[in-house]
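Peer 1: Using the sequences plus the hints, can you model the full thing?
Chains as they are written, first to last, in this note's numbering: chain A, 1 to 75; chain B, 1 to 359; chain C, 1 to 258.
By construction, these hints were calculated from the structure, which means they are not laboratory data. Quick caveat, the model's predicted, so the values are computed rather than measured. One thing to keep in mind: the hints can contain errors.
[To be verified] Using C-beta positions, here's what the derived DEER-type ranges look like:
1. B:59 - A:39: 39 to 45 Å
2. A:31 - B:59: 49 to 55 Å
3. A:75 - C:111: 58 to 64 Å
[Stated by the list, open to error] When the alpha-carbon atoms are kept at most 25 Å apart in a straight line, the in silico DSS-like pairs for lysine-lysine are as follows:
4. C:195 - C:168
5. A:39 - C:15
6. C:233 - A:34
7. A:71 - C:198
8. B:48 - C:211
9. C:195 - A:71
10. A:39 - C:228
11. C:168 - C:252
12. B:210 - B:199
13. B:210 - C:15
14. C:211 - C:174
15. C:8 - A:3
16. B:306 - B:357
17. A:39 - C:233
18. A:73 - C:8
19. C:8 - A:71
20. C:15 - A:71
21. B:331 - B:308
22. A:34 - C:228
23. A:73 - C:15
24. B:213 - C:15
We put the CB at the ideal spot given by N, CA and C, even for glycine.
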Amino acid sequence: MAKIKGAIVVNQERCKGCRLCVVACPTNVLAMSKQVNAKGYNFAVMENEDACIGCASCGIVCPDGCITVYKTKID
Amino acid sequence: MSEEVKLMKGNEAIAHAAIRCGCDGYFGYPITPQSEVLETLMEVEPWKTTGMVVLQAESEVSAINMVYGGAGSGKKVMTSSSSPGVSLKQEGVSYLAGAELPALIVNVMRGGPGLGTIQPSQADYFQTVKGGGHGDYRLIALAPASVQEMADFVGLAFDLAFKYRNPAIILADGVIGQMMEKVVLPDFKPRRTDEEIEKECPWAAVGKPKNRKPNIITSLELQPDAMEQNNLRFQAKYKAIEENEVRYEEIMCEDAEYLLVAFGSSARICQKACQIAREKGIKLGLLRPITLWPFPTKAIAEYANKVKAMLTVELNAGQMVEDVRLAVNGKVPVEHYGRLGGIVYTPDEIVEAVKNKLM
Amino acid sequence: MAIEDIIKPENLVYKKPDIMNDNSMHYCPGCSHGVIHKLIAEVIEEMGLVENAIGITPVGCAVFAYNYIDIDWEEAAHGRAPAMATAIKRLRPNKLVFTYQGDGDLAAIGTAETIHACNRGESIAIIFVNNGIYGMTGGQMAPTTLEGMKTATCPYGRDVKLNGYPLKITNLLKELDGMRYVTRQSVHTAAAVRKTKKAIRKAFENCMDGKGGANIVEVVSTCSSGWKMTPEKSNKWMEENMFPAYPLGDLKDKDANI
Numbered sequence: 001m002a003k004i005k006g007a008i009v010v011n012q013e014r015c016k017g018c019r020l021c022v023v024a025c026p027t028n029v030l031a032m033s034k035q036v037n038a039k040g041y042n043f044a045v046m047e048n049e050d051a052c053i054g055c056a057s058c059g060i061v062c063p064d065g066c067i068t069v070y071k072t073k074i075d
Numbered sequence: 001m002s003e004e005v006k007l008m009k010g011n012e013a014i015a016h017a018a019i020r021c022g023c024d025g026y027f028g029y030p031i032t033p034q035s036e037v038l039e040t041l042m043e044v045e046p047w048k049t050t051g052m053v054v055l056q057a058e059s060e061v062s063a064i065n066m067v068y069g070g071a072g073s074g075k076k077v078m079t080s081s082s083s084p085g086v087s088l089k090q091e092g093v094s095y096l097a098g099a100e101l102p103a104l105i106v107n108v109m110r111g112g113p114g115l116g117t118i119q120p121s122q123a124d125y126f127q128t129v130k131g132g133g134h135g136d137y138r139l140i141a142l143a144p145a146s147v148q149e150m151a152d153f154v155g156l157a158f159d160l161a162f163k164y165r166n167p168a169i170i171l172a173d174g175v176i177g178q179m180m181e182k183v184v185l186p187d188f189k190p191r192r193t194d195e196e197i198e199k200e201c202p203w204a205a206v207g208k209p210k211n212r213k214p215n216i217i218t219s220l221e222l223q224p225d226a227m228e229q230n231n232l233r234f235q236a237k238y239k240a241i242e243e244n245e246v247r248y249e250e251i252m253c254e255d256a257e258y259l260l261v262a263f264g265s266s267a268r269i270c271q272k273a274c275q276i277a278r279e280k281g282i283k284l285g286l287l288r289p290i291t292l293w294p295f296p297t298k299a300i301a302e303y304a305n306k307v308k309a310m311l312t313v314e315l316n317a318g319q320m321v322e323d324v325r326l327a328v329n330g331k332v333p334v335e336h337y338g339r340l341g342g343i344v345y346t347p348d349e350i351v352e353a354v355k356n357k358l359m
Numbered sequence: 001m002a003i004e005d006i007i008k009p010e011n012l013v014y015k016k017p018d019i020m021n022d023n024s025m026h027y028c029p030g031c032s033h034g035v036i037h038k039l040i041a042e043v044i045e046e047m048g049l050v051e052n053a054i055g056i057t058p059v060g061c062a063v064f065a066y067n068y069i070d071i072d073w074e075e076a077a078h079g080r081a082p083a084m085a086t087a088i089k090r091l092r093p094n095k096l097v098f099t100y101q102g103d104g105d106l107a108a109i110g111t112a113e114t115i116h117a118c119n120r121g122e123s124i125a126i127i128f129v130n131n132g133i134y135g136m137t138g139g140q141m142a143p144t145t146l147e148g149m150k151t152a153t154c155p156y157g158r159d160v161k162l163n164g165y166p167l168k169i170t171n172l173l174k175e176l177d178g179m180r181y182v183t184r185q186s187v188h189t190a191a192a193v194r195k196t197k198k199a200i201r202k203a204f205e206n207c208m209d210g211k212g213g214a215n216i217v218e219v220v221s222t223c224s225s226g227w228k229m230t231p232e233k234s235n236k237w238m239e240e241n242m243f244p245a246y247p248l249g250d251l252k253d254k255d256a257n258i
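Peer 2: Put into structure tokens, the structure is as follows:
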């Protein structure tokens, strides 16, 4: 059966570390970085890459449009 | 087009002239003594002929902001009101000036302060020429003295407003608005097409084509350096207007020993006063500022070298007299004669004032 | 499968809309404004209206919305956006004309402009962001501040004897014959965002079909800074406190006889 596999790219400099994407993710992919960006914010990172299903919930709730989402099928 | 002489009120002339000069939109709220402007437009229904939009707003505040919105999209738009209503419009007028938008405001003045009276007055001179709203700005101010000028100044005010990207105001009073006179209305000029507007107003918010950056109509600038530059640009524009757009009329001034300075309806009465004075052997002349801002400062300063004294005649407690005194700079006495509360002086009364105050 | 193999143009499923530019938005972290801006940009793009949209920004936190979405804009005086929109739409009937207003702008200082533009049935869309507080000026009481809710100008909680009741302006607007579409939405979950996008799309479509009628999309929103909570907690607080006072859903849809 085909499996859906997703991945995201976070614009780390644009991210303000609000954590809303972390909360929105249904498969607990995201976490906040330990490092901070130039603005001093911790930014969202994929901590659990394998769990991403490319549902885009993170991108949709991101107030700053920081998240780009990709998705593919693996046979 | 053959010249057609009509008889109408000044307020009606404003309405007809607006339609004929290619005005795109009028937004107003009824107030005495200028309600005939909106009434006339609603009766003529120009949206059926030229496509001009006419709308009765819920308030003067709303009306001026409709003007602000329409002007921001490059349209030729106007409003009219009377003193208390014009006070309400000052917020929008300041925004128009700050966003450098061309628009026309007509104030058919009545007496104040407060609700005051519906009778004629010229007590909004300060409000008009010193900046009625907040901030360092100027309005191009035209003061008609006849129904003909009410008609003629609509097109002129729009031309100046668009030339300088600055709001213009026609400062009339209840006499000029309400009196009926013969008038030759301006020829019909079509409204500009959208293409013409985009060419004339490349700054306007009309919907962003692919090949340009967004046009943003705003008066907001939080960077102090940029805001100062904006203000300096406004001041340079105002200086250019002061140099190029002063308009005034001289009546019986060639040999005058005494000079009246008066605008609008007062100038009409002063003209008669000059005739009466001359019959009595007093060489009295009249300088009538047509633009109240820019003010004919230089012309008045020159008369300070020729006449013995000046009298400003205004339907207020003494407002324009301050600008005349600034122009004269102490060279000759400058006095003021005014009536308040809606009473209009007679020519004889003015001649007496000349005798009492200047001689 | 390596993540690099997934991140390819052909696999793209979501990105911020092109007309939302790269300027960093001045909003606080987690602010609802950003999501709502994004939705407006998406809908304008998807409807192919970039060249025909004229937006009007308010006074309030969203005053600088024009810096983030690349369309033509006019910036209003406080509360006057619906009057401006009225004139622009009447003078340019083929354009999409919408206002973006906060609760202070729309429901306090601009109440008259709002009610009368809606009552005239202007073919405009009003995007109304209701977070129950004045964000830009530093967290003062709004007309929509909840009873008992603390703000800088009601530090002991809104006392209805002193300040009156939270103003349910959208419920009032619903009653106006000129209103075509009145809805209340939120953007606190992905599902809610999708619904709000549909609502904005419907409002914008209504503006462009020539049938007339005013449209308002209220978005019950958070203000983490004003509420003094994290964005996450703000969403929870909104669900528990704002939604009972401002329940979500369509209040009026003339086309569907609602």
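Peer 1: Regarding the pair residue 39 of chain A and residue 233 of chain C, is the alpha-carbon distance no greater than 25 Å?
Peer 2: holds (23 Å)
Peer 1: Taking only the CA atoms, is the gap from residue 213 of chain B to residue 15 of chain C under or equal to 25 Å?
Peer 2: Given pair residue 213 of chain B, residue 15 of chain C holds - Cα atoms ~22 Å apart, limit 25 Å.
Peer 1: Take a quick look at whether residue 306 of chain B and residue 357 of chain B sit within 25 Å of each other, Cα to Cα.
Peer 2: The given pair, whose Cα atoms are some 18 Å apart, holds under the 25 Å limit.
Peer 1: Taking 25 Å as the top limit, are the C-alpha atoms of residue 233 of chain C and residue 34 of chain A close enough?
Peer 2: Measuring from Cα to Cα gives roughly 21 Å; hence the hint holds.
Peer 1: Per the hint of 49 to 55 Å, is the separation of the Cβ atoms of residue 31 of chain A and residue 59 of chain B within bounds?
Peer 2: Because 54 Å falls inside the window, the suggested range holds.
Peer 1: Hinted pair, alpha-carbon criterion (25 Å max): residue 331 of chain B, residue 308 of chain B. Please report holds or violated.
Peer 2: At roughly 9 Å apart (the allowed maximum being 25 Å), residue 308 of chain B and residue 331 of chain B satisfy the hint.
Peer 1: Verify the proposed pairing of residue 34 of chain A with residue 228 of chain C, using a straight-line Cα cut of 25 Å.
Peer 2: holds (24 Å)
Peer 1: Could you grab the alpha-carbon distance between residue 39 of chain A and residue 15 of chain C and see if it respects the 25 Å cut-off?
Peer 2: holds (22 Å)
Peer 1: Take the C-alpha atoms of residue 48 of chain B and residue 211 of chain C, compute the straight-line distance between them, and say whether it is at most 25 Å.
Peer 2: holds (19 Å)
Peer 1: A range of 58 to 64 Å was offered for this pair. Does it hold for the Cβ distance of residue 75 of chain A and residue 111 of chain C?
Peer 2: For residue 111 of chain C against residue 75 of chain A, whose Cβ atoms are near 60 Å apart, the range 58 to 64 Å holds.
Peer 1: For residue 210 of chain B and residue 15 of chain C, compute the direct alpha-carbon distance and say whether it is at most 25 Å.
Peer 2: holds (21 Å)
Peer 1: Are residue 71 of chain A and residue 198 of chain C close enough, with their CA atoms no more than 25 Å apart?
Peer 2: Holds - the C-alpha atoms of residue 198 of chain C and residue 71 of chain A are around 23 Å apart, at most 25 Å.
The structure meets every hint from the earlier list without exception.
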